[in-house]
Amino acid sequence: MKARGRCWKFGDNIPTDQMVRSDRAIGSMDDMRKHVLENLNPAFARDVQPGDILVAGRHFGQSSGRAVAPKALQATGIGGLVVDSAARLFYRNCYEIGLPLLQCPGITAGVDDGDILAVDFESGIITNERSNVSLQGEAIPPFLMDMLRAGGLIPMAGRLAEEEQ
Amino acid sequence: MGSTFAEKLLARAAGEGVTQAGQIVDAYPNLIMSHAASWRCIRTLEKLGTDKLFDPDRIAMVMDHNSPAYSAKTAGDQKLCREFAASHGIKKFYDVDAGIAHVVLIEEGHVRPGMLLIGTDSHSTIYGALGVAGTGVGFSEVTATWVCGYLWMMVPESIKVVIEGPLSHGVYAKDVMLKLIGELTADGATYCSVEFHGSYVEGLSVSERMTLCNLAMEVGAKFAYVPPDEVTREYLERCGVARDAYEEIFPDSDARYVREVHIDGETLVPQVACPDTVDNVKSIEDVAGTPVNQVFIGSCTNAKYEDLVEAASILRGRHVAPGVRLIVTPASKQVLRRAIDSGVMSVLLDSGALVTNPGCGACAGDGGVMADGEVTLSTANRNFRGRMGSYDSEIYLASPVVAAATAVRGVIADPRDFIALPEGSIA
Chain A
17 MKARGRCWKF GDNIPTDQMV RSDRAIGSMD DMRKHVLENL NPAFARDVQP
67 GDILVAGRHF GQSSGRAVAP KALQATGIGG LVVDSAARLF YRNCYEIGLP
117 LLQCPGITAG VDDGDILAVD FESGIITNER SNVSLQGEAI PPFLMDMLRA
167 GGLIPMAGRL AEEEQ
Chain B
103 MGSTFAEKLL ARAAGEGVTQ AGQIVDAYPN LIMSHAASWR CIRTLEKLGT
153 DKLFDPDRIA MVMDHNSPAY SAKTAGDQKL CREFAASHGI KKFYDVDAGI
203 AHVVLIEEGH VRPGMLLIGT DSHSTIYGAL GVAGTGVGFS EVTATWVCGY
253 LWMMVPESIK VVIEGPLSHG VYAKDVMLKL IGELTADGAT YCSVEFHGSY
303 VEGLSVSERM TLCNLAMEVG AKFAYVPPDE VTREYLERCG VARDAYEEIF
353 PDSDARYVRE VHIDGETLVP QVACPDTVDN VKSIEDVAGT PVNQVFIGSC
403 TNAKYEDLVE AASILRGRHV APGVRLIVTP ASKQVLRRAI DSGVMSVLLD
453 SGALVTNPGC GACAGDGGVM ADGEVTLSTA NRNFRGRMGS YDSEIYLASP
503 VVAAATAVRG VIADPRDFIA LPEGSIA
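Residue numbers (the working numbering), protein chains in the order written: chain A, 17 to 181; chain B, 103 to 529.
It is worth saying that the hints were derived from the structure and are not from the lab. Any given hint could turn out to be false.
[Stated by the list, open to error] Label-pair restraints from in silico Cβ distances:
{"hint": "1", "chain 1": "B", "residue 1": "Asp494", "chain 2": "A", "residue 2": "Asp47", "range": "16 to 24 Å"}
{"hint": "2", "chain 1": "B", "residue 1": "Asp197", "chain 2": "A", "residue 2": "Gly43", "range": "18 to 26 Å"}
{"hint": "3", "chain 1": "A", "residue 1": "Ala166", "chain 2": "B", "residue 2": "Val411", "range": "34 to 42 Å"}
{"hint": "4", "chain 1": "B", "residue 1": "Ser189", "chain 2": "A", "residue 2": "Leu176", "range": "23 to 31 Å"}
{"hint": "5", "chain 1": "A", "residue 1": "Gly43", "chain 2": "B", "residue 2": "Asp157", "range": "33 to 41 Å"}
All figures in this text were calculated on a predicted structure; none of them were measured in a lab. Just so you know, even glycine gets a beta-carbon here, dropped at the ideal spot from N, CA and C.
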């Protein structure tokens, strides 16, 4: 499982409230996608391309569970996320919906906004094609890798249910 | 080497002899709570193409956010939940009148020591007040657990927080937690189980234990825990739970903790979390005098009956400052009823408070939002920008007595200026 694209870099401690604002959390997914992270970087939702990589600092996705927040990020078509660290509930929610997330302490120090990154989620290796420097992220447990390949928890549960029959 | 609370509890929930921090297990929750996201769980179940639930008695649904509905869409979502509960034999269904899920489920006696509980709300750590491992998950995970009965869990590392008491006058569990959050920072306990010990916690009311465990989420905790004791057992009896209906879990005295934190309760003063993060904590003297437009006494953190009593002790015979809005949202219908019966509600109304129906209310941006440039002092648990209306408004967090004192003065105020000290004490 790999992704390659532009690095969109965000800071530390970004709460789900700032991915999808509470007044938008009950709207349509299309509306949430168009406004995702709007107050931190309005260009992101407008210019993001399929396969781009969202990079963020410590404790990304803190605050409310708000499972629509990672869904709105996924709806932009990003190839995945690489963060210094993720909040626990946000981490779970990404795998649950099949959105690849790599924790790599030091990532924000090693890349700049606009760099081209190639990420291999299986090996955990992130290559910065501008500086030609590679970083090693934390390994994703095998069963979570299976969940990602299946497209998330629900498709995986559906597949397991079919196999049982 | 002994075991922590989390290691013992997940061993029980996973049917394993022992577990150790870092291990991943399939754990069976005793209770699966969903609130405003319940309709999403139901829609996800439809996608899964099955209707077979592992155990409807383990499912609880509470319509606490956006209640009563203010849009046809929300009304439709709530209707779906109501009908699903009726057709699938879900007896623990609480409608828009009940209040905040966490408080309602505890009051109704559904939460018992030794349980594993998952919920669609991040503040599900609150159940630790009764010696329960509670934690938040996403709605698809709730759906999958409705069907399979289990979910994956990593056994967390544990942090021991030792609080020595008693606290001084005008200082509460909220202040203890804000102090801790300021010291540990917002990710200081990410993925950890936070155990509360020490003389302050022994004999502490369940209401204050709920405040401790609720706010443990704001240091990133997975679980929070207060060891059950006689206070817990008596509280549960009042909720209709017999002493033989649960099995308490205690950590071993030689359990391994990744960190131990000590808080000296006696020297603690009222604390305030300043905009825009919960870990931006200052002592009351550093922020006193800051003008506010609105005061909110509500949320699962601090709108329990005891919280309203404390606020009323300052509001009695006083009035909210001109131009300031005081919004009080009782955590549950039971809290509201007790406040009416005891006369606390009259004190609040006489002071000029606007009292809303029980539920999450303004904490979840549901009514009580702010205009550009406004400031709210709130008893809730989060102050991120845009959480209560305008992105250009500010939220301060503090205890119910700080909130009451602030409502009276119209600026952030020290509650100790209002509290008559007991005979013989030194100010």
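Hint check results:
1. The given range of 16 to 24 Å is respected by B:Asp494 and A:Asp47, whose C-beta atoms sit roughly 21 Å from each other.
2. Separated by about 24 Å at the C-beta atoms, B:Asp197 and A:Gly43 satisfy the suggested range of 18 to 26 Å.
3. With their beta carbons about 51 Å apart, A:Ala166 and B:Val411 fall outside the hinted range of 34 to 42 Å.
4. Distance hint for B:Ser189 and A:Leu176: a CB-CB separation of about 26 Å, consistent with the stated range 23 to 31 Å.
5. Look at A:Gly43 against B:Asp157: about 34 Å separates their beta carbons, and that is inside 33 to 41 Å.
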